[in-house]
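As they're listed, the protein sequences go chains E and A. Everything in the first sequence is counted per this note's numbering, starting at 8 for the first residue and increasing by one. Everything in the second sequence is counted per this note's numbering, starting at 8 for the first residue and increasing by one.
Hints listed in this document are in silico derivations from the structure and should not be mistaken for laboratory results. From a predicted model like this one, the values you see are computed outputs, not experimental measurements. Hints may contain errors.
Where chains are identical, the list cannot tell them apart; a pair therefore holds if satisfied intra-copy or between any two copies.
Calculated pairs, SDA-like style, for lysine to any residue (alpha carbon to alpha carbon, straight line, at most 25 Å) [said to hold, decoys possible]: (1) Lys20 with Glu140; (2) Lys153 with Glu200; (3) Lys20 with Gly295; (4) Lys153 with Asp115; (5) Lys153 with Asp269.
2 protein chains.
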Amino acid sequence: MPSEFELINHCFKRPTRHTVLGVGDDGALISPTPGQELVISTDLLVEGTHFLADTNAEDLGWKTLAVNLSDMAAMGAQPRWATLAAVLPAPSFDWIEAFSRGLFDCADHYNIDLIGGDTTRGPRAFCVTIFGEAPPGQALRRNGAKAGDSIWISGQPGRAALGLAHLQRRTTLREPDLAHCLAALHRPQPRIELGLALRGIASAAIDVSDGLLADLGHILEQSNLTARLHIPNLPPTGLARDCWLSGGDDYELLFTAAAELDGAMNALANRLELALTRIGETAAGTPGELILSDDDGELITPARRGYDHFM
Amino acid sequence: MPSEFELINHCFKRPTRHTVLGVGDDGALISPTPGQELVISTDLLVEGTHFLADTNAEDLGWKTLAVNLSDMAAMGAQPRWATLAAVLPAPSFDWIEAFSRGLFDCADHYNIDLIGGDTTRGPRAFCVTIFGEAPPGQALRRNGAKAGDSIWISGQPGRAALGLAHLQRRTTLREPDLAHCLAALHRPQPRIELGLALRGIASAAIDVSDGLLADLGHILEQSNLTARLHIPNLPPTGLARDCWLSGGDDYELLFTAAAELDGAMNALANRLELALTRIGETAAGTPGELILSDDDGELITPARRGYDHFM
């Protein structure tokens with residue numbers, strides 16, 4: 008069995024690209040870009056809550072970093088560095104090596120340096136802290152939406168939750184939907200490019216990790232607004248609709264922007280080759296309230312908004 | 008039972024002192040001091056491995072931040088910001104409130120802003136990532152020791168391990184030793200001031216978290232050196248000696264400095280009112296080798312060097 012130090016050296020120590028001192032000392036050293044603000048986020052993934060025990064290790068390595076990158080996207084930040092703390096049961100060298108392969112696949116794809124970490128034994132869990140940069144005052148926040156802004160969502164929310172429902176035998180998906188939903192669940196693609204493009208354009212942004220309605224609720228509460236939603240092509244009933252409205256884990260970006268930018272958003276969608284769907288607008292009213300109607304103007308009452316780790 | 012958001016708002020959201028945007032968005036925003044390097048470290052504390060299940064929650068809050076501050080001390084960094092990720096079983100509001108009280112006691116004492124975090128349900132564990140600053144090139148590393156350097160340790164190593172042995176009924180301590188050892192175990196005092204004073208003076212530094220010999224081994228391996236140790240007043244036998252040499256969790260600083268600075272070190276000890284003990288010197292030789300002799304020149308073979316989380 009490898010020691011902690013052998014494990015770190017073999018699996019988690021790679022050459023860095025833009026770091027003064029990486030893994031292996033009491034701390035890492037970076038030189039932040041002069042004149043930029045540093046954007047910092049930390050996220051936990053715990054077995055049984057955020058991933059199933061039998062999740063493929065390489066996929067899990069990718070996802071562990073990707074969900075943190077998604078927070079950088081939601082802030083409009085350029086991600087640059089990350090640390091990883093890993094709690095691992097009696098270590099299987101092969102498992103950890105596969106996990107690190109997936110993690111570095113994601114790191115290489117987004118040009119992230121892994122600069123430090125910690126490992127210990129216990130029930131499997133991962134904590135990534137991620138660092139990005141943004142020009143002062145340009146990071147996207149949750150509290151900047153104005154009454155009358157359009158509300159937008161990227162991609163196709165609910166796919167990851169549908170993929171999970173399939174794995175848990177609560178539904179049966181067919182190809183090609185199955186492949187798309189499992190890819191959304193196992194290899195989420197953080198919307199970094201979209202986040203960067205939204206600097207100076209979006210009035211507020213959040214990434215959908217707990218569910219679209221729940222995460223929209225955060226923007227509305229922090230911006231003191233109500234929302235009127237009328238979602239084009241919303242699945243009419245059942246699990247697919249619940250997943251669209253309340254399924255977490257997709258890591259799409261949900262954002263608001265002034266209504267006069269609707270045309271610019273459609274142009275942006277074309278340029279990024281990424282669906283951007285206008286799902287409603289904000290309004291003055293009870294902070295956090297959501298009014299959702301279907302194509303015929305009938306009110307819809309969702310089963311739940313999203314996921315709370317302590318409810 | 009409070010929701011995740013109520014819990015964070017009540018227990019972990021406090022006004023910040025030197026932060027652009029703190030807890031409550033997808034990421035925090037800080038403005039690093041122009042011209043400084045950023046020093047980053049991340050550490051895990053897992054129940055059963057790093058602390059006992061019945062540890063006082065307030066003490067544990069203090070220690071969770073203090074052990075990370077110790078990494079900043081070992082780098083010679085001025086600590087400024089921290090994030091906290093917490094895995095908690097079915098939450099007791101009182102427990103978490105006491106934990107946060109201890110955490111903020113420590114944060115206030117060292118002028119740290121808590122800028123972000125994550126909470127989820129599961130077997131109790133904490134991950135802190137900490138951020139400090141140091142002038143370029145002045146952070147203390149493990150790999151800078153030169154042959155002939157003196158080796159120094161701050162404070163009295165082994166106290167925390169002795170305190171733990173008492174709690175586990177492997178020994179019985181009497182007052183005032185008991186109080187000192189339990190304080191070292193529950194309320195470690197990171198040696199920030201010492202770390203800052205050692206900038207430009209120490210050739211290498213590490214904090215003793217795994218055990219003095221194990222952590223000295225990291226300096227020796229990374230500096231390609233051997234050490235000859237002759238420790239004044241080392242307990243002659245038994246548990247007290249094992250704890251001195253191999254007990255972790257004290258968070259004292261272990262460092263090397265050129266022999267001509269021995270006098271300066273004694274002056275520094277007086278200025279900081281902190282014991283600094285010269286325990287030997289480095290030498291050319293097999294990297295990582297330790298030769299330890301007692302007052303009569305007899306070789307000592309320690310039972311073990313320290314703690315490895317996977318052995």
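Each hint, compared with the structure:
In this assembly of identical chains, the alpha carbons of Lys20 and Glu140 lie at most 25 Å apart whether taken from the same copy (23 Å) or from different copies (23 Å). In this assembly of identical chains, the alpha carbons of Lys153 and Glu200 lie at most 25 Å apart only when taken from the same copy (24 Å versus 47 Å across copies). Taking CA atoms no more than 25 Å apart as the test, Lys20 paired with Gly295 passes between copies only; the shortest distance there is 20 Å, against 45 Å inside one copy. Taking the closest pair of Cα atoms, Lys153 and Asp115 never come within 25 Å of each other, the shortest separation being 37 Å inside a single copy and 36 Å across copies.
Taking CA atoms no more than 25 Å apart as the test, Lys153 paired with Asp269 passes inside one copy only; the shortest distance there is 15 Å, against 64 Å between copies.
Violated hints amount to a single one, hint 4; each of the other numbered hints is respected by the structure.
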